[in-house]
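For the protein sequence lines, the chains are A, P, H and B, in the order given. All letters in the first sequence, in the order written, are residues -4 to 443 by my numbering. All letters in the second sequence, in the order written, are residues 25 to 413 by my numbering. All letters in the third sequence, in the order written, are residues 1060 to 1314 by my numbering. All letters in the fourth sequence, in the order written, are residues 3 to 401 by my numbering.
The set of hints was computed from the structure by calculation and includes no laboratory data. We put the beta carbon where it would ideally sit given N, CA and C, even for glycine. One thing to keep in mind: the hints can contain errors.
Stretch by stretch, here's where chain A covers chain B in the computed footprint (C-beta under 8 Å, at least three residues) [as the list claims (entries may be wrong)]:
#: 1; region: 49 to 55
#: 2; region: 74 to 84
#: 3; region: 95 to 105
#: 4; region: 113 to 122
Capping the alpha-carbon separation at 25 Å, the derived lysine to any residue pairs in SDA-like fashion look like this [as the list claims (entries may be wrong)]:
#: 5; chain 1: B; residue 1: Lys215; chain 2: P; residue 2: Asp33
#: 6; chain 1: A; residue 1: Lys198; chain 2: P; residue 2: Asp33
#: 7; chain 1: B; residue 1: Lys228; chain 2: P; residue 2: Gly377
#: 8; chain 1: B; residue 1: Lys215; chain 2: P; residue 2: Arg166
#: 9; chain 1: B; residue 1: Lys215; chain 2: P; residue 2: Ala260
#: 10; chain 1: B; residue 1: Lys255; chain 2: P; residue 2: Arg166
#: 11; chain 1: B; residue 1: Lys128; chain 2: A; residue 2: His261
#: 12; chain 1: B; residue 1: Lys215; chain 2: P; residue 2: Ser391
#: 13; chain 1: B; residue 1: Lys228; chain 2: P; residue 2: Phe183
#: 14; chain 1: H; residue 1: Lys1187; chain 2: A; residue 2: His261
Facing chain A, a subset of chain H residues (Cβ under 10 Å, in silico) [what the hints assert, rightly or not]:
#: 15; residue: Thr1107
#: 16; residue: Arg1111
#: 17; residue: Gln1131
#: 18; residue: Leu1146
#: 19; residue: Met1160
#: 20; residue: Val1205
#: 21; residue: Ala1206
#: 22; residue: Arg1301
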Amino acid sequence: MTNGAAPAASSTRRSAIPPAAWALIALAYLAVSAWSSVRLPNSLFAFLFFLSSLFLLYYAPVATVLRVVLGAVALLLLMPVIGASNAFYLEVATQVGIFVALALGLNIVVGLAGLLDLGYVAFFAVGAYLWAVMGSAQATVAFGIAPLASWWFFPFLVLSVVAAGVAGVMLGLPVLRLRGDYLAIVTLGFGEVIRVLANNLDKPINFTNGPQGISPVGRPPLFFLDAWNRWLAGMGRAPWEESAVYPFVFYFLVIAVVAVVILVTHRVEDSHVGRAWTAIREDEAAAVTMGIPLVRMKLLAFATGASFAGVMGMLFASKQYFINPESFTFMESIGVLAMVILGGMGNIPGAILGASLVTILNLQVLKDLSIWLNGLRQAGTIVTLPIIGSYNLASLPAQLEPAKYERMVFGVILILMMIFRPQGILPSRRRARELHDVAAAGEVATNA
Amino acid sequence: MTTAVAAIDFELLGRIFPRVLVDGILLGFVYSLIALGYTMVYGVLEFINFAHSEIFMVGAFIGAEVLLILQAARVLAASPPLLSLLASVLAAGVIAGLLAVTIERVAYRPLRGAPRLVPLISAIGVSFFLQDLVRMIWALHRNAFYLTYPPIEVFNQRFPAGAYALWGGAAAVAIAAIGWLMRRAGRGVARARFESLSMLPKYTSIALGIVSVGLLILDPNRVLTVPVKSLVVIGASLLVLSVLVYVVNQTKLGMAIRAVAEDQATASLMGVNVNQIISVTFLIGGLMGGIAGALFGLQFGTVNPYSGFIPGLKAFTAAVLGGIGNIPGAMLGGLVLGVLEALAGSYLSLISGGAFGAEYKDIFAFSVLILILIFRPRGLLGEVVREKL
Amino acid sequence: MLEARGIVKRFGGLVAVNQVDFNVQEGMIASIIGPNGAGKTTFFNVLTGVCRPEAGSLRFGGEELVGRRPDQITALGMCRTFQNIRLFGNMTVLENVLVGMHTRLDVRYVDALLRTSLFHDAERAALKRGGELLAFVGLRDVANEVARNLPYGAMRRLEIARALASSPRLLLLDEPTAGMNPAESQALMGFLRRVREELKLTVVLIEHNMRVVMSISDRITVLDYGEKISEGPPEHVQSDPRVVEAYLGRQARAH
Amino acid sequence: MMSKSWGHVVMAVLVALSLTVPLGLTDAMGAAASHGTVKIATQSPLSGGQSVLGVGIKDGATLGVEQAQAALARAGWRVLVVPFDDQAKPDVGVANAKRIVADREILGVVGHLNSGVAIPSSEVYKDANLVMVSPANTNPKITDRGYKNVNRIVGRDDVQGPVGAQFAKSQGAKSVYIIHDKTAYGQGVAEFFRDDARKLGLTIAGFEGTEEKSSFDAIITPIEAKNPDLIYFGGIYDQAAVFFKQVRERGIKAKFLGPDGMDSPELPKIAGNAVVGMHYTTVAGPAAFYPEAKTFAANFKAKFGRDPEPFAAQAFDSARIIIAAIENVSRRGRPDRASVAAAVRNTKNWKGVTGTISFDGRGDLAKAKYFVINIVSADPAKWGSNKLVRGIDVGPGSR
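Turn these sequences into a full structure, and let the hints guide you.
This is the structure in structure tokens:
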């Protein structure tokens, strides 16, 4: 992230604390949080503390270089170390990464270009099925060819981008004349069409294996593992198991893709293309009158957004080892949309924060809450409240099992977030730019 | 995976056609009824009330609950079926309406003026909340996940529509005549009002006429039957549609609603209490959602906390298809969608020799939707809103 | 330069523009006036490709415009402003102007992705020119303000700057002085003259403010009920009885 | 500027949060930890449209743990159930699985409902040697991978479908019309039913999948036209009941048949007289013949106030099998996951409410007893008196 994306590091900040001190605080924060996450591998707070340190880093007024270095250390070194002590955290981090990329992709379509897309998960499915079919025994069933070798994984990373991009254009072409809610319903339909196709294309020719799904989906080759294990053997240590290595491989792959996605989003957003998208969002009629080719730009938005989902779909399929249409329902599209809007539409940190929050909330915080309450209930904890008196949680009716109501709590959180922060948590800001070397032109009277 | 490619049995296709068409129309009326609620709220606020499917679902639960209470009190079997139905439908409508107003007050009103998509997310939140709240309430109350409508025998009987096609045609003519008389009856200022009142006979006679003529042509053996409960749904849809058109076009309240829909700021300058009108709009929308829910339950027999979702989605599609914000459009969109689904569901498998089946009916419906919107981007009856430059 | 022949535009049964011929020569300021609902803005919409006329031809610098999209017409060198200001409210002043330059930026998507030198050069040039244009309309100090926060007059000027950014040869202004007080209108007139002199542009104006129209126009076209009822230099139009009838007659009837 | 102050707020919150960590505020899992506790996790959808079955699995397992823990308690172990909501989503299921694996006290998993969630999640269990006993996943792929820790106590699709087909043939059906629900379970069972019915010489009048839940008119019309002798519904009772009801309302007289997804008193509750006389296949013994099954149903109702859903009995058995294995292993000291998994796999002739259970080398039931049950009454309360028509012993499928 280059200039302007964060308010930090500018001389305009009049903070009482000098930048050097901030750097120290950030460093200390990162160190303590990482240490506590490793030492307390089951502590949710320690892990959240660590994740939050990334956002602290982003906001701390320290030099950009330091921020990038510390961020890289946290993501590339500390996170895997924490993941080694608790695989669940690595899984959460990987899924956060996947949803960050999805949210960034949808953010381009909805947040930047203002095109409400309710079927975004379709592109995720396109990428997932592309590799799942070609990189598994399903290739033989569908096309009568041998499954692709594992090294094909890497060319397919590119291919899935292209395929999803093409799907984006194919969806975009017929629907470009539609506006607002008409577009929304058509994209919703498209999403359903893709899912139903995936669910039904097991006949007349079996492409997708229908609801039974495809398994095992091919995984990337581990070029280094043999050499590494030989070296370990030479040192007299136990070799690493493939199944133990893969979570880390996928984590790094996801991080790499997310980095590329962020870079692409940032560059496109900060260019004539991004400006054209925003102009279309602000006022379509005025934009076209200013010479912006609507069709081209909208297609470009659809294709760019879709391509992120495509590549992540492929990683997802490979990571999951198994896919079937249940991963690509309308609710999934809605979930990603909620991330984008919750985080703050039209800006990169917003989408990242939204995706992280929703994913962590769903996978971790709400689960922890219900497990905790369930623990209290099974232990027969007695709650004493003033006025109401004491109540033994064990006598709570079975219908009120906390694990059943995670989604209800999530719903309430969505409502409250929107009421108290309608612009999203990190609302979009316009980038300020310096105007250099402008030829002195005569000023027009400014009495207006 | 051997699919024997059999020759298409055209005789069979033709034989079931009237049945398919009638099925489609019956289903279409259910969609229409739900779509009216979407369209009503959208017309005023330009906002997709995502929680409408849950309001609808709550209506279905209340409807069932009333009937179950009546059954437990042993009055269900004794009282006239239409009366029980009325009690159930009205209770469902009123409670769903109040719920809709509450939702608007709590979750949407604070967001007025925020970017357009923000209320959509809070609506999704409301949706999640209501689904599990209903599940919780009825889990505690009846320990049930599904509520099953107690059978009311009369409604489950089948009406020999084919045999009565001629009578239906005669009735259509008679009702049309009544409508014509009503239109003529009013004079001066009252004229428009009478014209509006004649909506019910007008729509009824059109619907009845089309169906009767269709039956006469398509069902020469006079064997087609229709469940009585479907007739109740159709009647209720027509009634609700007519009342709605009347209220919106001919009453002071309707005028205020239209004013708010047109321009909230101006309406409030003209002395319209915008908040109140929006509440009323939600009340009406919720009322219709609840009525639709109870009738849906009656039609299909069972309801669970998540069963609002799919019909809601379909109804929303129907509303867009007809031209969202347009009241007769919602009705038309529902019918078109219903017929499309029935055609696809019954015919795809027969025509393709099993290669493609009923599971593609939603794809088929959505494809047609996309086609229609490409050629009529504002829906079937939606007005083309030309932007002012 | 711009040559319209027999333009007809209907909306349903209503004929909004009926058989209008309209010519503009290089370097002139031409005005279109007429009572409310005379079809002026519709005529503009036809010129800029927003609506397609039912009949007539429209040539601009030798190119036929009918059937082209608005963005293509803008690329040919014709740009407009709107009667009710339509800025990109949530973008900064500078970004508004940069959007206007879209057709003149000779970079592609790939350039933006790869940050080629072509991209950097183009962006730098665009920023420079954006700064110049903002200086020209006196908005350079507020370049990084969000457009929707500008005062009204500044919005008008920004809209003109945005149109100028597309490097038009012909500038179409739809009621630029609407909502302005006399002093502001006066300033705008001076500004328009400068546009013509310094940027060597041709201007077509829709205007209600007669003082502005009469003092600035080289030629005035009067529309009423979609038809051209008079055309000529200001003094000719001023004395044309049909024009007086169109304005006063209707007002008299209305009162 | 808004963002700047917001940034400060974020930092303040983060710093405050950081203070809590050194205070040793650990999370729920850590807090609940005490010496001598073992846990059984359940994974099933507890929210969403499939939650009715998912909750049934959770409750069945809970009841199983409750009844079986006495033996372990004597040995000094406390047993807890940790329910997880997999939301019927594979990504959530996998994340839960990783968390389950990370909690060393969890020694077994009862789950899942959806094969689509079970397959990727069991990859995670496998890496940790954590035993999974599935009460509901009939997809052959679950056990075909040959993992040491993955077992199921339901029949496979390729067993139950053929049992149904044989029965259909024995009932004198000449033509069958097959409907399924487009899920891995329903379609799987339906496809095996179709293939075997064809082998047995029956005519397949139609084979349709549908996700429709309420209006089946469009599907019924072709059925009416083809007039089959028997209609097979591969799916779950909630959808089937509505379907069967609408079929009868159309005046179609065909016989009905379904798999174990029909096994719920809710079926007649929704469908009424329409399903009286229909048959379904199941491994769960009918209460009238199996006193254990009767007791289970009664206990379940006493605890949860409702009749057990399909797969609840299987979940009940799954949990008890895991606990029995833990008990075996704990005699030799603190039980670890690998030995519990091995002990579960070694289960032989264990008597449960769903039959006498032995696992084969793949984790399938070595021999399953299938029952064909005839529904005798439209009254849900009389579900227990449904008639046993026949029992068929079958080995695991071979695909």
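Given Arg1301 of chain H was flagged as interface, is its beta-carbon under 10 Å from a beta-carbon of chain A?
violated, 32 Å
Hinted pair Lys215 of chain B and Asp33 of chain P, Cα distance within 25 Å
violated, 29 Å
Restraint check for Lys255 of chain B with Arg166 of chain P, where alpha carbons must lie at most 25 Å apart
The hint is violated at about 34 Å.
How about Arg1111 of chain H: closest beta carbon in chain A under 10 Å, or not?
Because about 14 Å separates Arg1111 of chain H from the closest Cβ in chain A, which is outside the 10 Å limit, the hint is violated.
Restraint check, 10 Å cut-off on beta carbons, for Thr1107 of chain H near chain A
holds, 6 Å
Gln1131 of chain H as an interface hint toward chain A, with CB separation required under 10 Å:
It holds, given that the least Cβ distance between Gln1131 of chain H and chain A is near 8 Å, below 10 Å.
Is the interface hint satisfied for Met1160 of chain H? The criterion is a beta-carbon contact with chain A at less than 10 Å.
holds, 8 Å
Is the Cα-Cα distance between Lys228 of chain B and Phe183 of chain P 25 Å or less?
holds, 23 Å
Given the hinted pair Lys215 of chain B and Arg166 of chain P, is their alpha-carbon gap at most 25 Å?
Holds: Lys215 of chain B and Arg166 of chain P sit about 22 Å apart, inside 25 Å.
Below or equal to 25 Å on CA atoms is what counts here, so check Lys215 of chain B against Ser391 of chain P.
holds, 21 Å
Apply the coverage criterion to the region 49 to 55 of chain B and chain A: a residue qualifies when its Cβ sits closer than 8 Å to a Cβ of the chain, and three qualifying residues are needed.
holds (count 3)
Within 25 Å, alpha carbon to alpha carbon, are Lys1187 of chain H and His261 of chain A?
Holds, at roughly 22 Å.
Checked against the numbered hints given earlier, the structure breaks hints 5, 10, 11, 16, 22 and satisfies all the rest.
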